[in-house]
Amino acid sequence: MTPSKRSRNQGFTLIEVMVALVIVAVTLSALSMALSQTVFQQGSMQNRVLATWVAQNQMIELQQAQKNGQRLEKKQTVQMANADWIVELTLEPTLIPGIQKAALSVTLQGEDHASAHLVSVMGQ
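Numbering of the sequence shown is given in the working numbering, commencing with residue 1 and proceeding in unit increments.
Be aware that one or more of the hints could be misleading.
To be verified - Subject to a maximum C-alpha distance of 30 Å in a straight line, what follows is the list of computed DSSO-like cross-link-like pairs (lysine-lysine):
#, residue 1, residue 2
1, Lys74, Lys101
2, Lys67, Lys101
3, Lys75, Lys101
Unchecked claim - Just the calculated beta-carbon pair ranges, DEER-fashion:
#, residue 1, residue 2, range
4, Ile60, Leu31, 17 to 23 Å
5, Ala30, Val121, 46 to 52 Å
6, Ile60, Gly110, 23 to 29 Å
7, Ala30, Ala65, 50 to 56 Å
8, Ile23, Val78, 31 to 37 Å
9, Gln10, Ser44, 51 to 57 Å
10, Gln63, Gln42, 44 to 50 Å
11, Gln100, Ala25, 58 to 64 Å
12, Ala30, Val119, 39 to 45 Å
13, Gln100, Asn57, 36 to 42 Å
14, Lys75, Val24, 15 to 21 Å
If you are wondering where the hints come from, they were derived from the structure by calculation, not from laboratory data.
Even for Gly, the Cβ is constructed at its ideal location relative to N, Cα and C.
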């Protein structure tokens with residue numbers, strides 16, 4: 001056998017193996033990062049949906065409390081889906097007499113930003 005034929009049959013060189021390993025490592029790293037972001041986004045979306053449900057429930061309770069002449073709480077803690085949610089109410093007058101703007105902000109306890117905001121108008 002000639003030396004050129006023998007060198008072709010010996011397999012991959014070290015450089016070829018290292019390049020292949022680098023390509024596999026970069027690909028797996030990118031895939032891992034994409035999966036991590038997907039899991040994070042799914043958890044974030046779940047919190048936003050739950051916060052929206054809390055806000056909608058609190059808005060209905062707020063409207064019922066106002067109809068019944070009950071006192072409106074400006075800040076309260078509500079439990080839903082094994083989590084504590086902080087609900088903050090802001091009432092502002094509007095240009096129409098007897099109508100006020102009610103804004104609810106819902107934050108998961110322990111977080112620094114609101115997961116949901118809901119605005120409605122109510123009679124006084």
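These are the hints, each one checked on the structure:
Between Lys74 and Lys101 the CA atoms are separated by roughly 14 Å; this keeps the pair inside 30 Å, and the hint holds. At most 30 Å may separate the alpha-carbon atoms for a hinted pair to count; Lys67 and Lys101 meet this at roughly 15 Å. A C-alpha spacing of about 16 Å is found between Lys75 and Lys101, which places the hinted pair at or below 30 Å, so the restraint holds. Between Ile60 and Leu31 the beta carbons are some 44 Å apart, a value that contradicts the proposed interval 17 to 23 Å.
Between Ala30 and Val121 the beta carbons are some 48 Å apart, a value that agrees with the proposed interval 46 to 52 Å. For Ile60 and Gly110, the hinted distance range of 23 to 29 Å is satisfied, since their beta carbons lie about 26 Å from each other. Under the hint 50 to 56 Å, the C-beta atoms of Ala30 and Ala65, about 52 Å apart, fit the expected range. Checked against the hint of 31 to 37 Å, the pair Ile23 and Val78 fails, with Cβ atoms roughly 51 Å apart.
Between Gln10 and Ser44 the CB atoms are about 53 Å apart, so this pair conforms to the stated range of 51 to 57 Å. At about 32 Å, the CB distance of Gln63 to Gln42 disagrees with the hint of 44 to 50 Å. Checked against the hint of 58 to 64 Å, the pair Gln100 and Ala25 passes, with Cβ atoms roughly 60 Å apart. Between Ala30 and Val119 the beta carbon distance is about 41 Å. The supplied range of 39 to 45 Å therefore holds.
Between Gln100 and Asn57 the Cβ separation comes to about 20 Å, which falls outside the hinted range of 36 to 42 Å. Between Lys75 and Val24 the Cβ separation comes to about 53 Å, which falls outside the hinted range of 15 to 21 Å.
Consistency with the previously given hints fails for numbers 4, 8, 10, 13 and 14, ordered from lowest to highest.
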